[in-house]
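Both chains are given apart, each in its own frame, so use the hints to dock them into the complex.
In order, the protein sequences belong to chains A and B.
Going by this note's numbering, the first residue of the first sequence is number 1, and it counts up by one from there.
Going by this note's numbering, the first residue of the second sequence is number 1, and it counts up by one from there.
Hint data in this document are derived by calculation from the structure and do not stem from the laboratory.
There's no promise every hint is true.
Simulated restraints, written as ranges between beta carbons of each label pair [unchecked claim]:
{"id": "1", "chain 1": "A", "residue 1": "A173", "chain 2": "B", "residue 2": "K13", "range": "48 to 58 Å"}
{"id": "2", "chain 1": "B", "residue 1": "G104", "chain 2": "A", "residue 2": "T6", "range": "38 to 48 Å"}
{"id": "3", "chain 1": "A", "residue 1": "G15", "chain 2": "B", "residue 2": "D33", "range": "23 to 33 Å"}
{"id": "4", "chain 1": "B", "residue 1": "K13", "chain 2": "A", "residue 2": "H237", "range": "34 to 44 Å"}
{"id": "5", "chain 1": "B", "residue 1": "D91", "chain 2": "A", "residue 2": "K412", "range": "47 to 57 Å"}
{"id": "6", "chain 1": "A", "residue 1": "T236", "chain 2": "B", "residue 2": "A114", "range": "34 to 44 Å"}
A few chain A residues that face chain B, going by a derived Cβ cut-off under 7 Å, partial list only [said to hold, decoys possible]:
{"id": "7", "residue": "N172"}
{"id": "8", "residue": "D175"}
{"id": "9", "residue": "A177"}
{"id": "10", "residue": "R178"}
{"id": "11", "residue": "V185"}
{"id": "12", "residue": "Q241"}
{"id": "13", "residue": "T243"}
{"id": "14", "residue": "N255"}
Remember, it's a predicted structure, so these values are computed and weren't measured experimentally.
We put the CB at the ideal spot given by N, CA and C, even for glycine.
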Amino acid sequence: MATQSTYSWRRDKDGLGVWEHRGKVAVAGYGHSPVDRRWDGTSMDKTLGAYSILACQKAMDDAGVTPDQIDGVICCDSHIAGASGGSAARWAPRPYFAPPYDSEWGLTLVNAEWLIKQMHLPNVKYAPTNVPTISEMVGMASQAVGDGLCTTCLVIYPTGNLEGRYRRGGENADDYARGARQWTVPWGNHGGNDFINIFPHNQYCLKYGGTHDDLAPFVINQHRNGLLTPWGYNATHGVPQLTVEDYVTSRYILNPLRIWDCDRPVNASAAYLFTTAERARDMRQPPVYVLNHSQHNFRQRTTQPDLDEIEEWTDRAARRMYEGAGLGPQDVDIFNPYDGYATMTQFFLEAFQWHGVKRGEAFAFYAGDIRVEGPHPFCSSGGNLGNGRTRTAMYTDSIEQLRGTAGPRQVKVRAETALAAFTTPSNGGWIMFGKYPS
Amino acid sequence: MPKVIPVPDALSKPFWDAVNEKRLVLQYCAACDRLQYPPQQTCQFCRSADKLEWKEVRGRGHIATYIVIEDGRLNRRMPDQPYNLAMITLDEDPRVNFYSNLPGTPPYEVPVGAAVEVTFEEVAPSQLIHEWRVVN
Numbered sequence: 001m002a003t004q005s006t007y008s009w010r011r012d013k014d015g016l017g018v019w020e021h022r023g024k025v026a027v028a029g030y031g032h033s034p035v036d037r038r039w040d041g042t043s044m045d046k047t048l049g050a051y052s053i054l055a056c057q058k059a060m061d062d063a064g065v066t067p068d069q070i071d072g073v074i075c076c077d078s079h080i081a082g083a084s085g086g087s088a089a090r091w092a093p094r095p096y097f098a099p100p101y102d103s104e105w106g107l108t109l110v111n112a113e114w115l116i117k118q119m120h121l122p123n124v125k126y127a128p129t130n131v132p133t134i135s136e137m138v139g140m141a142s143q144a145v146g147d148g149l150c151t152t153c154l155v156i157y158p159t160g161n162l163e164g165r166y167r168r169g170g171e172n173a174d175d176y177a178r179g180a181r182q183w184t185v186p187w188g189n190h191g192g193n194d195f196i197n198i199f200p201h202n203q204y205c206l207k208y209g210g211t212h213d214d215l216a217p218f219v220i221n222q223h224r225n226g227l228l229t230p231w232g233y234n235a236t237h238g239v240p241q242l243t244v245e246d247y248v249t250s251r252y253i254l255n256p257l258r259i260w261d262c263d264r265p266v267n268a269s270a271a272y273l274f275t276t277a278e279r280a281r282d283m284r285q286p287p288v289y290v291l292n293h294s295q296h297n298f299r300q301r302t303t304q305p306d307l308d309e310i311e312e313w314t315d316r317a318a319r320r321m322y323e324g325a326g327l328g329p330q331d332v333d334i335f336n337p338y339d340g341y342a343t344m345t346q347f348f349l350e351a352f353q354w355h356g357v358k359r360g361e362a363f364a365f366y367a368g369d370i371r372v373e374g375p376h377p378f379c380s381s382g383g384n385l386g387n388g389r390t391r392t393a394m395y396t397d398s399i400e401q402l403r404g405t406a407g408p409r410q411v412k413v414r415a416e417t418a419l420a421a422f423t424t425p426s427n428g429g430w431i432m433f434g435k436y437p438s
Numbered sequence: 001m002p003k004v005i006p007v008p009d010a011l012s013k014p015f016w017d018a019v020n021e022k023r024l025v026l027q028y029c030a031a032c033d034r035l036q037y038p039p040q041q042t043c044q045f046c047r048s049a050d051k052l053e054w055k056e057v058r059g060r061g062h063i064a065t066y067i068v069i070e071d072g073r074l075n076r077r078m079p080d081q082p083y084n085l086a087m088i089t090l091d092e093d094p095r096v097n098f099y100s101n102l103p104g105t106p107p108y109e110v111p112v113g114a115a116v117e118v119t120f121e122e123v124a125p126s127q128l129i130h131e132w133r134v135v136n
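Chain B on its own, in the form it takes in the complex (with noise of 0.2 Å):
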């Protein structure tokens, strides 16, 4: 059941690498103090580009809310359906979230609220993507 592989760009190549390395990184802004993703040019707060880094996150969040993709319009995942996406909060700034299709649990049963942590999965040949899975 493959997924639909990211292409990473010159801006997304340090998030990817990171990922491929199983590490999640995000921008952080050092002027607002605030992490960012997806990643833009600058700060989407401040406008500043210069204060820009990568700050690797520990990767835990909780779901907040959830759906189950029945009859969705990508036609590589046709054959997933009925598949869970998730909507995950970071710990670390719940402002920031992340899709996911909760690898280990079932289509409908979704703890809403439970923690999860960053697992990574192989979409390609030397392609990872964040995914995320329930805390037991």
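Chain A on its own, in the form it takes in the complex (with noise of 0.2 Å):
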């Protein structure tokens, strides 16, 4: 079984051109588990482990593949939350459950060894470790596929969440803070992509004009995008609308970010089945084709990435996207760019040029017709707003956009294709759909 080694599949550098498999990969099902806020501590049937056995069976019945047919693994095998999840990331020191519940595997972490044992996978050759978030973990396994290294891919999503509130323990609990963190924890940033976009927010609004809460308008309609999302955390828990009065109203958690721009941590786990073009031809459902996988990993050159940083990294990532898609921002008919926090949405909107939308202009297009009805179905997914921390949604909207499953979702526009992306400004990658393989 081949293993993370130094296999290279990242396109992170710009001008390598149009991709090569463009068209020749394809994205051929797809499967969630439920979506729970946490997991009890109790039952056995709704660990990271078993929600994420579940995600990959429903991915392979939505192909209509079958386990022996399976021969690529991709699957994230760190937490969600990092080094700072404290006891809602890490299981021990409480005592470990029977096998194969008698480690952090399967608990609050899953890999691709794991999910071979326990689903009986008899035929997989391609399994690597350490491998990155979704954000790139689509982009290796479309490379993985166009290479040769596997012809049927199984790409899992664990997205854990223990009892209480992440990211307040570990080195958040630390008096004393080491290597990066000792130039900016010691003044209150604990590190995490609300700081890293809220100061360039901020001096966006003094550049171009308009304040925070022109974000409400954004907020809402991801909720009500989640709403119309059945397998998500707002549709399937009864959270209300959101409403203008209930956004400028709520808590503020980093002034001016408020309690709603920020996404809902959950325990959930979702999976992609990625084939040949040829061979998804022949499975149950149209397939969806990639015709491009993008990555970035831009450096900060001081404290705080500042709004030129922001924008010069977005920009980049845009160009480098559309030049290895050979299409440009009239292309592209579905938007889902990611919202984990709101403020760096527009930052990714304006780069992509999505409909016209140019620097500056984001709050103005906020606040006119972004309905997925309307002529400007803006993150028709619901993202990670609507439907709470899987930043699955992207990638899950766009493929059903495609196929014409969305549902009450599915837009009035065209929709060919689609550019799907669980990603930060500085850090991350994107992914573009086409309903035809060129």
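What follows is the structure in structure tokens.
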């Protein structure tokens, strides 16, 4: 079974030209587990591992693929909360359970090895370790299938949350700031994209005009789209539709960042089935072709990224994606950028110039008709804000829109290409899907 | 209201030693004629290590923008909430910025665009950090 080794799959440089496997790789299936707020610590059918198995089974059923046909498993094997997860991200020192839950694997972490064993997948030949988040995983899978490392590949993104609020433990509970944190933590920056984006957001308001609460229509629309997503947290837990009044009177986290600008951590998993375009045509669903994948990893030049840097980074990422896809802003029908904090989405919108939106124009765009049934169906997925912090709604909605199976979220405009990402302005990746291979 | 204490390492020790002497020194690349903060192993622009040296700066800046931390994740700072966190640009090179809690400025009452000067606060015995105070 192949492991990560030195396989070079990233498209993380400028000037790489059109992707060599454009239209030759496809997504043939997807599946979502239930989305819970937390794991209760006792329901063994609702562990992160159980939910990952369920998501894989759904993706395989969706594609019409049997376990013996799976020859690739790419599973993110790190915890979404990172080093500050504390007791929300690590089961120990609590006693473990009987196998297969006799370690963190299956409880707070999932990897290919654990899944292959639990699901009895006999023919896997590509199952890397140290797998990045879904931001880059979809690119990894696309390249692996295109290069022939595997032909029928499960891509799994587990997002775990035990009881409690995560990211308040670990290094955030330390009295000392070490390494890169010595430059930020003493003054209160706990590290994260809430901080990275709120300062440029404030500078944006100063430069282009507007106030923070001009985000309200966007956030409310994300909630609306989330309620139209049958598997999402909001829809399955009766979360009421957010109103403008709710938003503008909500409490602050990092004033002016409000609670509703932040996504809700959840315990869930999702899986996608990547295969060759040729094989996909014989599977159960219409193929959704991969037209390009790209990654970026930009380094900030000083303590806090400023507006100039954020705009430069997102511009570069957009150019990189468009170049590799051989497309431009006018060609993107469905646009699902990341909304993990509401303050970053505007930078993606303007960088990619979706529907002609240029720098400084995002707030006016948000105030227009961005509903799924309207002329500018922005973030038709509802993202994380509408579905919980799964980071997968952007990909699933894109696939559904191109298949024509998005139900009440189905856009009324043309839906032949879709651009999706869980990404931040500095790090991550994008994927472009197409209804047709060229 | 104790702040989180920075831990100097081999790279940052010259910086923190200067801070403990109430001096602000930044890395300076003689080849690029550019200041660099936080310090890195090489110049981020030309990738040279040979031309990197430490240079004392005047410690004057301006407040570019700010937030007020009302519900942060740092356990040690929770009793201080709400408190200011400003982004300070250095006058000698506004591409260099710092964080500051703006001692002497009440939460929410930050004068964006105002001039500031560096000051130093003790966060632990024999350990200072650099802060910025509005210039009246």
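Hint-by-hint comparison with the structure:
1. For the pair A173(A) and K13(B), the supplied restraint of 48 to 58 Å is violated, since their beta-carbon distance comes to about 26 Å.
2. One distance hint, 38 to 48 Å for the beta-carbon pair G104(B) and T6(A), is violated here, with the actual separation near 54 Å.
3. Between G15(A) and D33(B) the CB atoms are about 29 Å apart, so this pair conforms to the stated range of 23 to 33 Å.
4. Judged by the Cβ atoms, the range 34 to 44 Å given for K13(B) and H237(A) is violated: they are separated by roughly 51 Å.
5. Distance hint check for D91(B) and K412(A): the Cβ-Cβ separation is about 53 Å, which falls inside the suggested range of 47 to 57 Å.
6. Checked against the hint of 34 to 44 Å, the pair T236(A) and A114(B) fails, with Cβ atoms roughly 49 Å apart.
7. Checking N172(A) against chain B by beta carbon gives a least distance of about 5 Å; that is within 7 Å, so the hint holds.
8. Here the hint on D175(A) is kept, as its CB sits about 6 Å from the closest CB of chain B, short of 7 Å.
9. The beta carbon of A177(A) is positioned within 7 Å of a beta carbon in chain B (closest approach about 5 Å), and the interface hint is therefore held.
10. Given the 7 Å rule on beta carbons, the hint for R178(A) holds: about 4 Å separates it from the nearest Cβ of chain B.
11. Against a cut-off of 7 Å between C-beta atoms, the interface hint on V185(A) holds, since the closest Cβ of chain B lies about 5 Å away.
12. Look at Q241(A): its Cβ only gets to about 24 Å from chain B, farther than 7 Å, so that hint breaks.
13. Proximity of T243(A) to chain B is violated relative to the hint, the smallest CB-CB distance being about 22 Å (cut-off 7 Å).
14. Using the Cβ-Cβ criterion of 7 Å, the hint placing N255(A) at the interface with chain B is satisfied: the shortest such distance is roughly 4 Å.
Hint compliance for this structure: hints 1, 2, 4, 6, 12, 13 are broken, all remaining hints hold.
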